[in-house]
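Protein chains in written order, with our numbering: chain Y, 14 to 639; chain D, 14 to 639.
Worth flagging that the hints you see were computed from the coordinates, not collected in a lab. Keep in mind that the hints are not guaranteed to be accurate.
Just so you know, same-sequence chains aren't split out, so a pair can sit in one copy or run between any two.
[Said to hold, decoys possible] BS3-like mimics (lysine-lysine), calculated; alpha carbons at most 30 Å apart, straight line:
(1) Lys471 x Lys162
(2) Lys618 x Lys595
(3) Lys616 x Lys581
(4) Lys637 x Lys483
Fair warning: this is a prediction, and the values are worked out from it, not measured in the lab.
2 protein chains.
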Amino acid sequence: MIFTMFKRLKKFLVGKPLTNEQIEGEKFGILWGLPILSSDAISSVAYAGQEMLIVLIPAIGMLAFSNMAILSSAIIILLIVLVISYRQTIECYPNGGGAYIVAKDNMGVLAGVTAGSALSVDYVLTVAVSISSGVEQIVSAFAPLHAFKVEICVVLIILLMIGNLRGISESSKMFGIPAYAFIFAILAMIVTGVFRIMNGQVPSPPSIAEGTPYAGMALFVLMLRAFSNGCTALTGIEAVSNAVPNFKEPSAKHAKSVLVILALIILVLFGGTSFLAQYFKVNPLTQGAVLVVMAKEIFNGGFMFYFVVATTFTILILAANTAFSGFPMLISVMAKEGYAPRQLSMRGDRLSYDNGIVLLSVSAIILVIMFNATVSSLIGLYAIGVFISFTLSQSGMFLKWMRHKGDHWQLKAFINGFGAVLTTFAMFVIAFTKFHEGAWIVVILIPTMIFGMLKVKKHYAAVVKQLRIKHEDYDTAVEKKVYRNRVIIPIESINKSSVRALRYAKTISDNVVAFSVAIDTEAAKELQQRYDHLNVEDIPLFIKYSPFRQVVEPLLEFIESAEYDYQKGDMITVIVPQFVVKKWWHRFLHNNTREFLERELLKHKHIVVSVMPLQLKDDDEVLKQV
Amino acid sequence: MIFTMFKRLKKFLVGKPLTNEQIEGEKFGILWGLPILSSDAISSVAYAGQEMLIVLIPAIGMLAFSNMAILSSAIIILLIVLVISYRQTIECYPNGGGAYIVAKDNMGVLAGVTAGSALSVDYVLTVAVSISSGVEQIVSAFAPLHAFKVEICVVLIILLMIGNLRGISESSKMFGIPAYAFIFAILAMIVTGVFRIMNGQVPSPPSIAEGTPYAGMALFVLMLRAFSNGCTALTGIEAVSNAVPNFKEPSAKHAKSVLVILALIILVLFGGTSFLAQYFKVNPLTQGAVLVVMAKEIFNGGFMFYFVVATTFTILILAANTAFSGFPMLISVMAKEGYAPRQLSMRGDRLSYDNGIVLLSVSAIILVIMFNATVSSLIGLYAIGVFISFTLSQSGMFLKWMRHKGDHWQLKAFINGFGAVLTTFAMFVIAFTKFHEGAWIVVILIPTMIFGMLKVKKHYAAVVKQLRIKHEDYDTAVEKKVYRNRVIIPIESINKSSVRALRYAKTISDNVVAFSVAIDTEAAKELQQRYDHLNVEDIPLFIKYSPFRQVVEPLLEFIESAEYDYQKGDMITVIVPQFVVKKWWHRFLHNNTREFLERELLKHKHIVVSVMPLQLKDDDEVLKQV
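Isolated chain Y, as found in the complex (with noise of 0.2 Å):
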């Protein structure tokens, strides 16, 4: 009744359920497969460069503006290395080439399990830091929402949880066009900025205090500091990689194209903003949202002020999107090999991976809670999964070459070796300067999560092993034992259900017993009468006194007692009752003996447990009949 209930909720939130031959029709071509996949990257616009600011006006006030300039060109470099070296990998991967697969393919099983574990965290991570930002946009415009900042975020990841239970194709084209717009919204900003500036209409910037003037080592350390806050820019360039197969074919052609336009994109957007930043000079620890600020300025407030909002808030809801693609499709191959639960790899009514995607949903949830949506805590714990697995990515890659050669591969273990020298720096630098702010959470976690995997990974090769049947017994395995099959009714009373219990035991064995256990002897006394009627000879009644009104105890005292003979090799079927009610809260009126004895006689080799139900009919029904 509550199940139906649920199945019934379920299907009005997340559709009918589709068949395996619809999948193909989910898969995306360029023009969709560019805003769902790489909205993460394009929308790391609205808070890299942010959150750089964050680290450097505080310290050096003004100087944070030309700083910043220099650091974003770093990025910048960093992500072109990166798309070339990326475009390479899904060459050779056209399977999905994530970082778990190449680490794992060129350097072993703890590689690749540490790469899954790395970006496991980070789209967890990559929905929190998303949300709280796309959240954050919005309280800057609207103040009044800030009380509800955490409340809100809860309700947008529950929103894209079923969103994407509904299945690929609908939330990729349902979310495509926002991208878009958000595309287009920046461009006409820093189009509109430049215009501006070059006639000279730049408003004087609110006045930031100076900070103790930086120098040698400190102003060094600030950097790094800032230039890792940056890094966050680069988060989702491996989601292209990783769903190869999601696009149509041919879908290598497809996902390499989508990340050359992905990293124009950045560049233009990115480069752009940082550029508007260094004469608007926002400062988004009083301020607010610096992409929020800048459009106000620009635009005057005006309606593409409010359209520079609305599309920043939906392109980082995208960007959660992305994850919410990404971590199921990942999990699932994980899932497939053995490290994780095997039911993450299985494709819901919708064929989406429903449980990936509740996984994710309920940990970006609890991330969101327990860092108050706020994007500069959260950032400390985001970017060094990232720079782990694509520097596991690269090195794997650089490996692969190096041992297999083929046309060209001097330079293509240059691309990605050069890759991955610059990822292992990044990666380090990260690490220490994050270390204090979230990122030794992340430290722990990893190998926690690597040692659950290969944990995982043992019980199924144990699993496996146990139910392989040998090759040289294989046609005769089910002959080959034969058992004695007996049968034991537990009986609590003499009624139809037991009668018809007795009946059926009788069809499937000819060695049946009885068993019942009484409080009293005079309780027994009775029960053995009212069997007596039933005129059972070759069905003995075993009644055990119980003193401690159990019954699983003395019934598996009596199956090892002397007076029931057991052998080496009986196969004991125990049939036991089941009342099936017709409405939901009677099953609270009857006991649930029947699960216990069920968990309990199964914990015990050759007993076979018979669930005979009972369909219990209406109860006015019943009371009308005479």
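Position chain D relative to chain Y; hints supplied.
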């Protein structure tokens, strides 16, 4: 694993299981029966008078104290009438003469169930009010604890629950001595107080603002409201007559003696403290708990002051404990007769009614949290239930004498009749004056409970009727129907588990089929090939193509198909394998297909689900083997 841990925890908290024979040893005589059964009534000294003053003082100021004396006398008269009435009940109902039994016996099911509901509500309130009042005494003496009032209450209820799960006798003796200590403490306070009054040592009371001069109807209504609060002094008398079988033989005699001693104690303590209140004029609204404040005055805050606080606190805890023996006993009687879920009628390992104890504790905790552990708020809900059951019980006894006569029946009928009239009057007074202060909750709750109880009874009656074997069919019931016994084995892949199922199936039937669903034709072909290798010609394999990747629906369709040729009367056994794992977390690594399959199949008549366990070995052990 988790289950075992829970069992161990329970054993540690609750103690070792007791056998049925030990029930007799758990009964008590007058010495221990008095404290455990009458502490509810005795302890009301701590709040009944005080709650009268809380109503009176804001309205009529100093006049409150003289009016309180009049009302206290009225309540003491009511007490005496009730005790005499209830002695007659105990004599007639030596097996426990709670209002439920008396009302049901003499006035039918509806009256009985009404009394039962009213009493149930009341037991819960006894716990909530007594605990809240107990904690109020403590925080009146130690102000810093005030902030933790609700938390302390919840912890105390949980401790009482654990104590009572440990069994009756232990708790009665553990809690017996402090009850006597309380009686001694209050007697000492009364004697000292009277001595000081006679020596003119009464301090001048803090000035209390004169209220508006009340007169006529307004004063009368005010007095009635105060009287309603005072009536809470009479709660708990029921407990003695309800628990007659808990006394040692001769149990009726012991119970009657306890009732008389109880009345004497209340007379002295309630009368005495009311008398003192007239001289010491404590204002509970500003000064805190009346008993505590008076004790401070009388004993000048010395040792005896702390002794009064400690024993008052303890007796109130004991009062709550009364409900822990009364409620489970009442509800178990009702459950045995089918008016409450059967689980409530079962004794636990320590011979207490575990489920009833837990139900009471949880309900009381909810109330305490809802009403913020404030006696003045809870008191509005309290007395109405008691007086509903008093009225029903007395009316029932009156009707009993009128119908069955016997020795001195006229006198006996008069006593119970007079009791009925007085309690009916009090019931209406409480219902009307307290309606807005919470009694409405109870007025709605009781009919709801009655409705539920009658529904439960109906269900059990319908079940019994469905299970009953007709007398004429009795000795041929088992032989009656002979049906085709057929077996279906759902197979996912060919492994040791499916081979075991095939082997087992052959021993229980010669009409066996294997069944599998495949996602595509390729998978189907592969499975069929592997199956053919097993050489089980007598068990055909049916493979169905399942576009929705589900098993249950195709299986049910198959059973209904012409191909399977299901005949009315066929009994189908479906064998489902179940992995039994070694470590608790391993269960998350396997699908719950089995549970889902079992639940869905059991909805269908003539399908027996046989669960075949496969004990998985330890992972390391398996992988070590060659």
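Here's how the hints hold up against the structure:
no., hint, verdict
1, Lys471 x Lys162, "neither (43 Å within a copy, 51 Å between copies)"
2, Lys618 x Lys595, "between (34 Å within a copy, 13 Å between copies)"
3, Lys616 x Lys581, "within (17 Å within a copy, 35 Å between copies)"
4, Lys637 x Lys483, "between (60 Å within a copy, 17 Å between copies)"
Hint compliance for this structure: hint 1 is the single one not met.
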